[in-house]
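K.L.:
Given next are the chains, with one letter for each unit.
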Amino acid sequence: MTSESNVKWIGKNTIRPDGADKVTGRAAYAADATMPGMIWGKILRSPHPHARIRSIDTSKAEALPGVKAVMTSADFVEFPVDTPVPIGIQDMRWMSRNIMARDKVLFAGHPVAAVAATTEKIAEQALELIEVDYEVLPWVIDVEEAMKPDAPILHDHIRFEGKPSNIAGKLEHTLGDVEAGFAQADVVIERSFRTEPVHQGYIEPHACLVSVSDGKATVWSSSQGQFMVRGMCAHMTGLPQNDIRAIPAEIGGGFGGKTIVYLEPVALVLAMKSGRPVKMQMTREEVFRATGPTSGSVSKVKIGATKDGKIVAAEGTWWLQAGALPGAPIRGPVGCGFAPYDIPNVHTLGFDVVCNRSKVAAYRAPGSPIGAYAVECVMDEVAEALGIDPLELRLRNAAKEGTKAAYGPVFPRIGYEETVRAAMEHPHYRAPLGPNQGRGVASGYWFNAGGESSAQVNINEDGSVVVITGHPDIGGSRASTANITAELLGIDYRKVSVLIGDTSVIGFSNLTGGSRVTYASAMAVTESTREVINTLKARAAKIWGIDPEAVIWENGEARPAGENAGNFEPLTLAEIAAKANSTGGPIGAGKQLNAVGAEGGFGTHICDVEVDRELGIARVVRYTAFQDVGRAIHPAYVEGQIQGGAAQGIGWALNEEYIYDKNGKLDNASFLDYRMPVCSDLPMIEAVIIEVPNPKHPQGVRGVGEVPIVPPLAAVANAIYNALGIRFYSLPMSPPKILAALEQTERLAAE
Amino acid sequence: MPTVSMTVNGKSVSADVEPRTLLVQFLRENLGLTGTHVGCDTSQCGACVVHVDGRSTKACTMLAVQAEGKNVTTIEGLAKGDELHPMQEAFREHHGLQCGFCTPGMIMSAVELGMRNKEPTEEEVRHWLEGNICRCTGYHNIVKAIMAGARAMSA
Numbered sequence: 004m005t006s007e008s009n010v011k012w013i014g015k016n017t018i019r020p021d022g023a024d025k026v027t028g029r030a031a032y033a034a035d036a037t038m039p040g041m042i043w044g045k046i047l048r049s050p051h052p053h054a055r056i057r058s059i060d061t062s063k064a065e066a067l068p069g070v071k072a073v074m075t076s077a078d079f080v081e082f083p084v085d086t087p088v089p090i091g092i093q094d095m096r097w098m099s100r101n102i103m104a105r106d107k108v109l110f111a112g113h114p115v116a117a118v119a120a121t122t123e124k125i126a127e128q129a130l131e132l133i134e135v136d137y138e139v140l141p142w143v144i145d146v147e148e149a150m151k152p153d154a155p156i157l158h159d160h161i162r163f164e165g166k167p168s169n170i171a172g173k174l175e176h177t178l179g180d181v182e183a184g185f186a187q188a189d190v191v192i193e194r195s196f197r198t199e200p201v202h203q204g205y206i207e208p209h210a211c212l213v214s215v216s217d218g219k220a221t222v223w224s225s226s227q228g229q230f231m232v233r234g235m236c237a238h239m240t241g242l243p244q245n246d247i248r249a250i251p252a253e254i255g256g257g258f259g260g261k262t263i264v265y266l267e268p269v270a271l272v273l274a275m276k277s278g279r280p281v282k283m284q285m286t287r288e289e290v291f292r293a294t295g296p297t298s299g300s301v302s303k304v305k306i307g308a309t310k311d312g313k314i315v316a317a318e319g320t321w322w323l324q325a326g327a328l329p330g331a332p333i334r335g336p337v338g339c340g341f342a343p344y345d346i347p348n349v350h351t352l353g354f355d356v357v358c359n360r361s362k363v364a365a366y367r368a369p370g371s372p373i374g375a376y377a378v379e380c381v382m383d384e385v386a387e388a389l390g391i392d393p394l395e396l397r398l399r400n401a402a403k404e405g406t407k408a409a410y411g412p413v414f415p416r417i418g419y420e421e422t423v424r425a426a427m428e429h430p431h432y433r434a435p436l437g438p439n440q441g442r443g444v445a446s447g448y449w450f451n452a453g454g455e456s457s458a459q460v461n462i463n464e465d466g467s468v469v470v471i472t473g474h475p476d477i478g479g480s481r482a483s484t485a486n487i488t489a490e491l492l493g494i495d496y497r498k499v500s501v502l503i504g505d506t507s508v509i510g511f512s513n514l515t516g517g518s519r520v521t522y523a524s525a526m527a528v529t530e531s532t533r534e535v536i537n538t539l540k541a542r543a544a545k546i547w548g549i550d551p552e553a554v555i556w557e558n559g560e561a562r563p564a565g566e567n568a569g570n571f572e573p574l575t576l577a578e579i580a581a582k583a584n585s586t587g588g589p590i591g592a593g594k595q596l597n598a599v600g601a602e603g604g605f606g607t608h609i610c611d612v613e614v615d616r617e618l619g620i621a622r623v624v625r626y627t628a629f630q631d632v633g634r635a636i637h638p639a640y641v642e643g644q645i646q647g648g649a650a651q652g653i654g655w656a657l658n659e660e661y662i663y664d665k666n667g668k669l670d671n672a673s674f675l676d677y678r679m680p681v682c683s684d685l686p687m688i689e690a691v692i693i694e695v696p697n698p699k700h701p702q703g704v705r706g707v708g709e710v711p712i713v714p715p716l717a718a719v720a721n722a723i724y725n726a727l728g729i730r731f732y733s734l735p736m737s738p739p740k741i742l743a744a745l746e747q748t749e750r751l752a753a754e
Numbered sequence: 006m007p008t009v010s011m012t013v014n015g016k017s018v019s020a021d022v023e024p025r026t027l028l029v030q031f032l033r034e035n036l037g038l039t040g041t042h043v044g045c046d047t048s049q050c051g052a053c054v055v056h057v058d059g060r061s062t063k064a065c066t067m068l069a070v071q072a073e074g075k076n077v078t079t080i081e082g083l084a085k086g087d088e089l090h091p092m093q094e095a096f097r098e099h100h101g102l103q104c105g106f107c108t109p110g111m112i113m114s115a116v117e118l119g120m121r122n123k124e125p126t127e128e129e130v131r132h133w134l135e136g137n138i139c140r141c142t143g144y145h146n147i148v149k150a151i152m153a154g155a156r157a158m159s160a
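Chains as they are written, first to last, in our numbering: chain A, 4 to 754; chain P, 6 to 160.
Hints are computed from structural coordinates only; laboratory data are not their basis. Please read these numbers as outputs of a predicted model, since none were measured by experiment. Some clues are possibly wrong.
Below, a sample of chain A positions facing chain P; criterion: calculated Cβ distance under 10 angstroms [what the hints assert, rightly or not]:
| no. | residue |
| --- | --- |
| 1 | 16 |
| 2 | 27 |
| 3 | 35 |
| 4 | 37 |
| 5 | 203 |
| 6 | 204 |
| 7 | 288 |
| 8 | 642 |
| 9 | 647 |
| 10 | 685 |
| 11 | 688 |
Once the Cα atoms are required to be at most 20 angstroms apart in a straight line, the calculated SDA-like pairs of lysine to any residue come out as [as the list claims (entries may be wrong)]:
| no. | chain 1 | residue 1 | chain 2 | residue 2 |
| --- | --- | --- | --- | --- |
| 12 | P | 149 | A | 687 |
| 13 | A | 124 | P | 35 |
| 14 | P | 16 | A | 29 |
| 15 | A | 124 | P | 70 |
| 16 | A | 11 | P | 98 |
| 17 | A | 582 | A | 465 |
Glycine included, every Cβ here is placed at the ideal spot set by N, Cα and C.
Let's have the full structure, built from the sequences with the hints guiding it.
P.N.:
Structure follows, in structure tokens:
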């Protein structure tokens, strides 16, 4: 690790390299690309939540003037349901059927066919000419309904305990003996909870432009992974990966929702069939109906503690909606739910339940907020029952170095306790509250991820530096990469340009997701830069005619290691770069690695709400988030991640939900009716960075982006309880729900 | 097809458009000014805000033909050459953006606020921005950037 006294760029709030382009409108997002001869693709979507496709007749659409191509799932590679085809954490069996329905449509909005035409209007007209003969089937969306014995079954091949079922998977963790644990408890509290599906809500709708020439495809799109785009397009079409070049556009938000594809393979087939570049962009309504969201859930959590505040047993079961195809994020609640605590006896269980709703996509710490919501609300009740301050209860049970988590690992040095102590000592925790105000606290955990990363570091002839990595920048990673490279080389960060390479210029790099980019990419960049430094030292040695071992690199210069090495004036990076060709050729290095040791991250939040008793509106009036980030490479962007994650969590807690009509169709597919927080809904969100360096990372980095969405759901719920004396066991705690609860309380008081 | 003429970023432009063409489509597709973004179908997100005769306007709620003869400024027309507008500089300097997709609309809205109010309070900024959605930042640094940008505009 860089010694603290020399640190120049790590920890500095440098101006983001993408800033100027983004404030001037020059940044190029997916929908901004055009090509000569470009035509427009549109998708025909199912009006039914569940139906068998008897036949599709596209002949009338094909005959419409201006239509250049029409396609159905028959134009894609078919993946039989009995053979898994993993790609990252996805499976092409399910991805392919999500991209376009095969024998059945599984949700209202499910793609069934697509058209490319010379204008968007003609493409829309052509969609109306496609005749689909549906056999409408009974449907089910609610997770509890989907598990009933007489529920409509979505997939004939899914069986649970030997019977046809909508339960597609199960995950269980056991530590110790919970029954024995609960027997020791003086207080046992068990509660049931419910959450609704919520959407990632990125402001940029999905879009792409695909052109095919001489059998080679170029895909320009906005995603969280150009290599994922390439891989899925190759699977769907059978094209070899070297014939697909996936170019990452600037991404207008993802939050996990752009870790899979919807449009790219469709546009690719339309481009292959038409011989023209095809552009596709979703409307916001399509984004809501057919992409994302994360699971709705029901859950049950039970915690037992002794009188002195020691938790002796904990049990949690979560049933999560997967949507139309398997893949609910059950790992999140089952693994993360109790992870902040050192509990000897733990049992967690999760079920992956399919239903007639769009397939879930990852959403920031997938599943973990749902887990923490239930656990942290019960923790609040346990603290109340024991008469212990809720943060004190957390501190007494905090996981620390050596704690065995129920999901497997023994924690190394972690910073959870530090987040709780910081919260207890913060003025916010003792600030007076006004009328109708309440304060709540909650903690949360996320695993964080490592994985494959590639980097190339090149020294230019003038001594400036270009770094190429393979991860779309969604949280400021170009800035943090520039900080790290400048630090290691000892040069001004403005001399470092960081680019996101497309699939033909940089090696495989896994998705931007799991809070992994600054962690894993920094490792690849660090190893590359260290090799570059070795080369720079060797070149200086050559110029001086001494042994490379006798050269050190310091403050951007090569120097003789000591007097014995010889008496030479230091050579700057620029001076060595200028002589590169005469000393051995261009200087650069690329490393590829599979990063391990991404240690988890913990956060603790304090939330104050004020409830308007007449309107039922709970408003967050003060919010402070404490998080162990390992090492903040760029503190302003670390704070930005924490503030953004907390805001999304507040939206989830208070207003956001998918609402379905009686025909199984999403009833609020717009920003008008799906209520995300606007500026006047929120206070300033204070982010308190705690740095307990990750011992397994060269700069001490832990992931940052996901932890902050984990605690808010319960923090808000606990605050509302403290304001009103009413506990809510379902989300969102929207005005109608709060109003109904207040009216019921008044009625009961009057009777 | 009717012909529409207007001034965009100081230049006279004229084109034949279908009557139903939205101003935002005209700007993006006819003029290639892709800094004005489209994030929704219902005029909530504010990613498409431009100035029409100096007033911040959602370019998705106006037909191109309604802008006939008007003076339109988009995010591309805000800077003077390489010199950023004080509000653009404030967003960059105060980290008032992450993904950047909402940023052009945020800045165009904020510029009108800055013209009306030299020192907006936090509450005034938050109220003014109700028609612009950001999903990345929690608005924290956007509010700070606008308060600083408005001051810089009047300096």
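K.L.:
Now, for every hint given, state plainly whether the structure supports it.
P.N.:
So, going through the hints one by one against the coordinates:
no., hint, result
1, 16, "holds (7 angstroms)"
2, 27, "holds (6 angstroms)"
3, 35, "holds (4 angstroms)"
4, 37, "holds (8 angstroms)"
5, 203, "holds (8 angstroms)"
6, 204, "holds (5 angstroms)"
7, 288, "holds (6 angstroms)"
8, 642, "holds (8 angstroms)"
9, 647, "holds (5 angstroms)"
10, 685, "holds (6 angstroms)"
11, 688, "holds (5 angstroms)"
12, 149/P to 687/A, "holds (9 angstroms)"
13, 124/A to 35/P, "holds (16 angstroms)"
14, 16/P to 29/A, "holds (19 angstroms)"
15, 124/A to 70/P, "holds (19 angstroms)"
16, 11/A to 98/P, "holds (19 angstroms)"
17, 582/A to 465/A, "holds (10 angstroms)"
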